[in-house]
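Trainee: Sequence:
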Amino acid sequence: MKNKINYILLFFTIIISCKAQTISLDQLSQCENGPDCPDYVYLKDTNNRLNKFVGTWKGTYTDGRTYEFRFTKKENDGGYFNEKFCDILKGRLLVKIPSGQELENTLTVSDNDTRFDGHYFDKNLIKYQMYYSGYAECNDKGYVYLSFPNPNNLNQMKLVFMQDMDIVSKCPSGYKTVMPDAKALILTKQ
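Read in order, the letters of the sequence shown are residues -20 to -1, 1 to 170 in mature numbering (1 follows the signal peptide of the UniProt record, and there is no 0).
Any given hint could turn out to be false.
Only pairs whose alpha carbons sit at most 27 Å apart, straight line, appear in this in silico DSSO-like list of lysine-lysine [what the hints assert, rightly or not]:
{"id": "1", "residue 1": "121", "residue 2": "156"}
{"id": "2", "residue 1": "53", "residue 2": "64"}
{"id": "3", "residue 1": "24", "residue 2": "53"}
{"id": "4", "residue 1": "107", "residue 2": "163"}
{"id": "5", "residue 1": "138", "residue 2": "54"}
{"id": "6", "residue 1": "76", "residue 2": "32"}
Restraint ranges, calculated between C-beta atoms of paired labels, are given here [what the hints assert, rightly or not]:
{"id": "7", "residue 1": "90", "residue 2": "32", "range": "20 to 26 Å"}
{"id": "8", "residue 1": "10", "residue 2": "46", "range": "33 to 39 Å"}
{"id": "9", "residue 1": "134", "residue 2": "40", "range": "18 to 24 Å"}
{"id": "10", "residue 1": "10", "residue 2": "155", "range": "38 to 44 Å"}
{"id": "11", "residue 1": "144", "residue 2": "43", "range": "17 to 23 Å"}
{"id": "12", "residue 1": "155", "residue 2": "22", "range": "37 to 43 Å"}
{"id": "13", "residue 1": "52", "residue 2": "138", "range": "18 to 24 Å"}
{"id": "14", "residue 1": "133", "residue 2": "163", "range": "19 to 25 Å"}
{"id": "15", "residue 1": "44", "residue 2": "2", "range": "42 to 48 Å"}
{"id": "16", "residue 1": "142", "residue 2": "84", "range": "17 to 23 Å"}
{"id": "17", "residue 1": "117", "residue 2": "89", "range": "17 to 23 Å"}
Don't read these hints as lab results, they were simulated from the structure.
Note that the structure is a prediction, hence the values are computed from the model and not measured.
Backbone N, C-alpha and C define an ideal beta-carbon position, used for all residues, glycine too.
Build out the structure end to end from the sequences listed, making use of the hints.
Mentor: Structure (structure tokens):
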């Protein structure tokens, strides 16, 4: 009976240790978050790749809108139902039209309310993917890609927003997404 209990304990220890593992952002990027990726409980930024994005970034788009982004690194962030944890970027933004009127301001919202969260790097570890969900009724949501046009200059960053292709049912006439869709926005670190 004692051996049977030991085998059962050993079996559960093996099962738990197989599921409870930490992998790096680098490892996840190499398997492209596909079915060949190892199962994990914690996705860790072991090489501090997210740190270069942290801070306040400003830029102006061709239509005169000014943008201020604040990216913070959140470690051990609890994901869906707190089953998986990860190191991610949280984004906040302030967008003004040329007259100075605020179009959107999320600079003071809590981490849980940013609606602008990180995901992972591409296979080459150059672009970091985030998801932004602003005014969802107008399909103002989609993926944001952060990268550095010149890897030797970490004071200038490129941001590209790619809108989701959902069907929109109610939206004011002439509505434009908060971030320019499929256009590069060059930002300078402050």
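Trainee: Need the list of violated hint numbers for this structure, in ascending order.
Mentor: Hint check: nothing fails, all pass.
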